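This is what each chain is made of:
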Amino acid sequence: MKQWIILLSLVIFSPVSSHGEDFLGAPLIPQGTATIKTDDRLEMKTPLSHDEVVSFYREALKDAQDIKFRDWKDATYIEDDGRMPWHSITVSKGGEKGTEIIIVKDNWTWIIGTLILRYIGVFMVLMVLLIGMSLSGKIISRSVAKMDAKKGAG
Amino acid sequence: MTANEILDLLYGTLRTTGVYNFQWNLVVMWGVGCLFIYLAIAKKYEPLLLLPIGFGIFIVNFPLVPLMGYSHGHAQLLQVFYHYGLEWEVIPCIIFLGLGAMTDFGPLIANPKTLLIGAGAQLGVFITFTGTVLVGFTLKEAASVSIIGGADGPTTIYLTQHLAPQLLGANALAAYSYMAMVPLIQPPIMRLLTNEKERKIRMRQLRPVSRQEKILFPLVTAGIIALLVPSVIPLMGMFMLGNLMKESGVVARLTDSAQGSLMNIVTIFLGISVGATMHADKFLSWKPLFIFSLGLVDFAVCTVGGIATVKIMNLFLKEKINPLIGSAGVSAVPMAARVSQVQGLKYDRTNHLLMHAVGPNLAGVIGSAAAAGMFIAMFD
Chain A
1 MKQWIILLSL VIFSPVSSHG EDFLGAPLIP QGTATIKTDD RLEMKTPLSH
51 DEVVSFYREA LKDAQDIKFR DWKDATYIED DGRMPWHSIT VSKGGEKGTE
101 IIIVKDNWTW IIGTLILRYI GVFMVLMVLL IGMSLSGKII SRSVAKMDAK
151 KGAG
Chain B
1 MTANEILDLL YGTLRTTGVY NFQWNLVVMW GVGCLFIYLA IAKKYEPLLL
51 LPIGFGIFIV NFPLVPLMGY SHGHAQLLQV FYHYGLEWEV IPCIIFLGLG
101 AMTDFGPLIA NPKTLLIGAG AQLGVFITFT GTVLVGFTLK EAASVSIIGG
151 ADGPTTIYLT QHLAPQLLGA NALAAYSYMA MVPLIQPPIM RLLTNEKERK
201 IRMRQLRPVS RQEKILFPLV TAGIIALLVP SVIPLMGMFM LGNLMKESGV
251 VARLTDSAQG SLMNIVTIFL GISVGATMHA DKFLSWKPLF IFSLGLVDFA
301 VCTVGGIATV KIMNLFLKEK INPLIGSAGV SAVPMAARVS QVQGLKYDRT
351 NHLLMHAVGP NLAGVIGSAA AAGMFIAMFD
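In the order they appear, the protein sequences are chains A and B.
With the first letter of the first sequence counted as 1, position 72 gets the number 72 in the working numbering; the numbers rise by one all the way through.
With the first letter of the second sequence counted as 1, position 253 gets the number 253 in the working numbering; the numbers rise by one all the way through.
Keep in mind that the hints are not guaranteed to be accurate.
Claimed, not checked - Each computed DSBU-like pair below joins lysine-lysine, with the alpha-carbon atoms no more than 35 Å apart:
1) B:197 <-> A:138
2) A:93 <-> A:105
3) B:318 <-> A:146
4) A:138 <-> B:43
5) A:151 <-> B:346
6) B:320 <-> A:146
7) B:200 <-> B:43
8) B:318 <-> B:346
It should be emphasised that the hints constitute simulated quantities derived from the structure, not laboratory data.
On a predicted model such as this, the values are computed, not experimentally measured, just so you know.
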């Protein structure tokens with residue numbers, strides 16, 4: 001009996017395999033083991049497959065708003081666009097020895113970086129339009145000039 | 001009938017009136033609605049929109065009015081307009097159809113490098129996004145608030161409905177109010193950022209644009225937008241369709257309807273439905289008030305962005321562009337272009353900048369749509 005109580009206490013209070021229920025509000029998979037943990041980032045490994053982990057998070061986050069699941073080539077990327085303190089959960093694919101999970105805190109680097117990229121993107125779109133208009137303008141001007149010349153000659 | 005029965009009957013009748021269910025916060029909204037009606041009628045600030053918006057705010061803020069809810073499973077009057085017009089994002093697209101049918105892209109086609117001014121003028125959109133997030137808005141809310149600086153009502157409504165419909169009323173009201181105030185907001189910034197020599201820069205007269213170019217432009221633009229920013233093709237596609245109809249010259253009846261009666265009809269529905277979303281319970285919080293103050297900053301920074309873009313372009317161009325037309329990259333068409341004209345004439349009475357400013361003004365419409373598309377792609 002004593003042995004069972006000691007074993008149970010070890011399981012409950014063990015710092016290695018058990019976690020608080022979340023990291024920055026992001027749910028933690030119970031069978032995960034933390035490999036790197038800082039205030040801004042948590043990397044975990046779990047023996048579960050990628051699909052099992054993604055199913056866990058779909059269930060755990062089903063009531064949360066502004067959560068996006070993106071299917072990338074090497075991972076499933078779960079992004080929060082709402083008010084959660086965490087920004088993203090990356091679940092790796094194809095690992096033979098289990099699945100890696102990386103949870104990252106909301107950070108200004110991502111926000112500023114994406115804004116700069118998108119502002120440049122607006123320029124790119126209008127630049128392409130500028131090139132398109134310049135080219136089509138030149139082609140049409142030449143053909144109109146040729147037609148006018150033919151009419152003049154005729 | 002006994003006295004008690006009569007009293008019960010009277011009391012029951014009283015309980016169905018607005019007087020019995022009166023709340024003091026509704027009075028504030030009456031004031032807000034009436035303020036916008038006053039601005040529309042007395043000051044002629046965007047009357048086509050501010051009048052129905054103002055009335056929508058006023059009428060929906062009475063107790064028990066069956067306008068924005070559901071009765072016996074059916075949507076009430078303004079809820080129908082809101083649901084089919086705004087929730088389904090139909091009205092902004094039809095407005096763009098009408099706008100396209102009214103627009104002459106000749107000045108932009110003649111000087112396509114002014115497209116970059118339209119892009120530069122979106123600076124405020126992205127800077128305001130950062131400020132909005134700092135204050136506590138979610139990312140989607142921040143995107144919908146920051147697009148106000150693009151000075152494009154339908155684009156603001158389209159993006160807000162897509163990302164943060166709870167802010168629709170405040171965002172639309174801020175956008176249209178500040179658009180009307182462009183002649184007040186922009187001139188001090190234009191004077192601050194330019195010197196006397198720059199303000200007197202004369203630009204070469206724009207080349208004539210052939211009919212074929214004007215017909216090809218909407219096709220080229222729609223194709224490029226569809227390939228690069230497909231999420232805004234409902235808006236830009238309709239814009240280009242309207243313009244194609246106008247430039248083709250063969251569907252005059254359709255063009256007349258698009259720019260006339262159709263535009264007027266949807267403007268009525270747009271205005272009153274936007275106004276109807278602003279019930280006291282949703283509007284009287286810190287967010288709409290913050291949106292109003294941030295909208296002003298947004299417009300100002302967008303103006304700065306447009307002028308700064310011209311100044312940077314002038315470092316590389318032989319034929320300089322007058323930086324006063326940079327502010328016209330803020331797509332309050334045609335008000336911002338007129339502001340450039342007025343400011344230019346102040347320093348040189350023979351320097352007419354209007355047609356030169358129309359190019360960046362229209363480029364700003366495309367730029368703000370591209371910015372909206374970037375935000376939609378961020379969250380999709």
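Hint check results:
no., hint, verdict
1, B:197 <-> A:138, "33 Å, holds"
2, A:93 <-> A:105, "21 Å, holds"
3, B:318 <-> A:146, "29 Å, holds"
4, A:138 <-> B:43, "45 Å, violated"
5, A:151 <-> B:346, "46 Å, violated"
6, B:320 <-> A:146, "31 Å, holds"
7, B:200 <-> B:43, "31 Å, holds"
8, B:318 <-> B:346, "25 Å, holds"
Consistency note: the structure conflicts with the earlier hints numbered 4 and 5.
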